[in-house]
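Position one of the sequence shown corresponds to residue 38 (my numbering), numbered consecutively onward.
FYI, nobody ran anything at the bench for these hints, they're computed from the structure. Note that the structure is predicted; figures quoted are calculated from it, not measured. Incorrect hints may appear among the rest.
[What the hints assert, rightly or not] Each computed SDA-like pair below joins lysine to any residue, with the alpha-carbon atoms no more than 20 Å apart:
id: 1; residue 1: LYS221; residue 2: LEU207
id: 2; residue 1: LYS50; residue 2: ASN63
id: 3; residue 1: LYS235; residue 2: MET148
id: 4; residue 1: LYS112; residue 2: LEU56
id: 5; residue 1: LYS151; residue 2: GLY211
id: 6; residue 1: LYS164; residue 2: SER230
id: 7; residue 1: LYS151; residue 2: LYS164
id: 8; residue 1: LYS221; residue 2: TRP184
id: 9; residue 1: LYS234; residue 2: ALA174
id: 10; residue 1: LYS151; residue 2: GLY203
id: 11; residue 1: LYS234; residue 2: GLY166
id: 12; residue 1: LYS151; residue 2: VAL172
id: 13; residue 1: LYS164; residue 2: GLY80
id: 14; residue 1: LYS112; residue 2: THR59
id: 15; residue 1: LYS50; residue 2: MET148
id: 16; residue 1: LYS50; residue 2: THR39
id: 17; residue 1: LYS235; residue 2: GLU182
id: 18; residue 1: LYS235; residue 2: ILE150
id: 19; residue 1: LYS50; residue 2: VAL68
id: 20; residue 1: LYS235; residue 2: GLN162
id: 21; residue 1: LYS151; residue 2: ILE202
id: 22; residue 1: LYS151; residue 2: GLY80
id: 23; residue 1: LYS112; residue 2: ASN63
id: 24; residue 1: LYS164; residue 2: SER239
id: 25; residue 1: LYS50; residue 2: ILE150
id: 26; residue 1: LYS50; residue 2: LEU113
id: 27; residue 1: LYS221; residue 2: GLU182
id: 28; residue 1: LYS112; residue 2: ALA174
id: 29; residue 1: LYS151; residue 2: LEU177
id: 30; residue 1: LYS164; residue 2: GLN233
id: 31; residue 1: LYS234; residue 2: HIS153
[Stated by the list, open to error] DEER-style ranges, computed between Cβ atoms:
id: 32; residue 1: GLY78; residue 2: GLU122; range: 15 to 25 Å
id: 33; residue 1: GLU62; residue 2: GLY205; range: 16 to 26 Å
id: 34; residue 1: THR59; residue 2: SER232; range: 42 to 52 Å
id: 35; residue 1: ASN52; residue 2: GLY166; range: 24 to 34 Å
Here a beta-carbon is modelled for each residue, glycine too, at the ideal position from N, C-alpha and C.
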Amino acid sequence: MTLRLFFHSDDLKANVEVLDCTPHENEFAVVLRATLFHPQGGGQPCDTGWIGESQVLRVVQDPDRIIHFVDHPVKLGMTQIRVDEQRRRFNTRMHSAGHLIGHFVQAMGWMPIKAHHWPDEGRVQFKPGDAAQEVDADTLQHGIEQWIANDLPRLTSLREGAREIGFGELPAYGCGGTHVRSLKDLGTVTIASLSQKKGTLSVHYSVD
38 MTLRLFFHSD DLKANVEVLD CTPHENEFAV VLRATLFHPQ GGGQPCDTGW
88 IGESQVLRVV QDPDRIIHFV DHPVKLGMTQ IRVDEQRRRF NTRMHSAGHL
138 IGHFVQAMGW MPIKAHHWPD EGRVQFKPGD AAQEVDADTL QHGIEQWIAN
188 DLPRLTSLRE GAREIGFGEL PAYGCGGTHV RSLKDLGTVT IASLSQKKGT
238 LSVHYSVD
């Protein structure tokens, strides 16, 4: 199983061992012993970057390994990996913003069921609980801004072997994604719109 360094490290560079490099259509599938690259999943896009001098085009989760697809073959053995900082930072901010929306709307009686933290497509979806209250964009916007102003720190923990992410006193969510160190790193989060269809509430959002 690939060791997920991004579970406990915000580093974007590391020296790791290349275990396998196999031609795959017009690309090469690379397996590392350990990786900083987040694969696509959990509503978050994959990281890109470089393994040695080869460009990482996409990263996917296999049943027990993380596969990095690159544009040129990589030699087996030790090499440096580098994650694209701009892409990682944006994906991280989108994911953390989605968590805050989840916390606020859940506190109003709605249960989060799905999240999509992609550029220009950010949304979190909810089903109503027994005591669901009406949610409006202005109230949600203000609540998110208050948490950001308070600069709540990220807290990472393990429960029964599963990784959980929380901010300050907010409840922790089980999550394998990447997140900001503290909420000041979010910048501006904008609640674009709310919509309801067939009982599902969708909150659409973006980060600057």
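Okay, the hints, checked on the actual structure:
Distance check on the hinted pair: LYS221 and LEU207 sit about 16 Å apart at the alpha-carbon level, within 20 Å; holds. Between the alpha carbons of LYS50 and ASN63 the distance comes to roughly 26 Å, so the proposed pair goes past 20 Å and is violated. Straight-line distance between C-alpha atoms of LYS235 and MET148 comes to about 15 Å, which keeps the hinted pair within the 20 Å bound. Proposed proximity of LYS112 and LEU56 is supported: the alpha carbons are some 9 Å apart, at most 20 Å.
Between the alpha carbons of LYS151 and GLY211 the distance comes to roughly 13 Å, so the proposed pair stays at or under 20 Å and holds. Between the alpha carbons of LYS164 and SER230 the distance comes to roughly 17 Å, so the proposed pair stays at or under 20 Å and holds. Between LYS151 and LYS164 the CA atoms are separated by roughly 10 Å; this keeps the pair inside 20 Å, and the hint holds. At most 20 Å may separate the alpha-carbon atoms for a hinted pair to count; LYS221 and TRP184 meet this at roughly 9 Å.
Distance hint between LYS234 and ALA174 is fulfilled; the C-alpha atoms sit about 16 Å from each other, no more than 20 Å. Between LYS151 and GLY203 the alpha-carbon distance is near 18 Å, which keeps this suggested pair within the 20 Å criterion. Taken as a hint, the LYS234 and GLY166 pair is honoured in the structure, with Cα atoms around 16 Å apart against an allowance of 20 Å. Proximity of LYS151 to VAL172 is assessed by CA-CA distance (about 17 Å); at most 20 Å being required, the pair is judged to hold.
Simply put, LYS164 and GLY80 have alpha-carbon atoms about 18 Å apart, close enough for the 20 Å limit, and the pair holds. For a cut-off of 20 Å, the pair hint linking LYS112 to THR59 stands: about 11 Å separates their Cα positions. A threshold of 20 Å between alpha carbons decides the hint, and for LYS50 with MET148 the separation of about 37 Å lies outside it, so the pair is violated. Distance restraint check for LYS50 and THR39: the Cα-Cα separation of roughly 17 Å lies within the 20 Å cut-off, and the hinted pair is therefore satisfied.
For the suggested pair LYS235 and GLU182, the alpha carbons sit about 29 Å apart, so the restraint of at most 20 Å is broken. Taking the CA atoms of LYS235 and ILE150, the gap is near 14 Å; set against the 20 Å cutoff, the hint holds. For the hint linking LYS50 to VAL68, the alpha-carbon distance of about 17 Å falls within 20 Å, and the restraint holds. At most 20 Å may separate the alpha-carbon atoms for a hinted pair to count; LYS235 and GLN162 meet this at roughly 12 Å.
About 17 Å separates the Cα atoms of LYS151 and ILE202, which keeps this hinted pair within 20 Å; it holds. With a C-alpha separation of about 8 Å, the suggested pairing of LYS151 with GLY80 holds against the 20 Å cut-off. Proposed proximity of LYS112 and ASN63 is supported: the alpha carbons are some 17 Å apart, at most 20 Å. As the CA atoms of LYS164 and SER239 are separated by approximately 9 Å, the hinted pair is consistent with the 20 Å bound.
Among the hinted pairs, LYS50 with ILE150 is inconsistent with the structure: their alpha-carbon atoms are about 34 Å apart, more than 20 Å. With a CA separation close to 18 Å, the supplied pair LYS50 and LEU113 stays within the 20 Å bound. For the hint pairing LYS221 with GLU182, the CA-to-CA distance comes to about 10 Å; that is within 20 Å, so the pair holds. Taking the CA atoms of LYS112 and ALA174, the gap is about 52 Å. The hint is violated against a cut of 20 Å.
The straight-line distance between the Cα atoms of LYS151 and LEU177 is roughly 18 Å, inside the 20 Å bound, and the hint therefore holds. Of the supplied pair hints, the one linking LYS164 and GLN233 holds, its CA atoms being roughly 10 Å apart against a limit of 20 Å. A C-alpha spacing of about 17 Å is found between LYS234 and HIS153, which places the hinted pair at or below 20 Å, so the restraint holds. The given range of 15 to 25 Å is respected by GLY78 and GLU122, whose C-beta atoms sit roughly 21 Å from each other.
Roughly 46 Å separates the CB atoms of GLU62 and GLY205, a value that falls outside the hinted 16 to 26 Å. Checked against the hint of 42 to 52 Å, the pair THR59 and SER232 passes, with Cβ atoms roughly 44 Å apart. Distance hint for ASN52 and GLY166: a CB-CB separation of about 48 Å, inconsistent with the stated range 24 to 34 Å.
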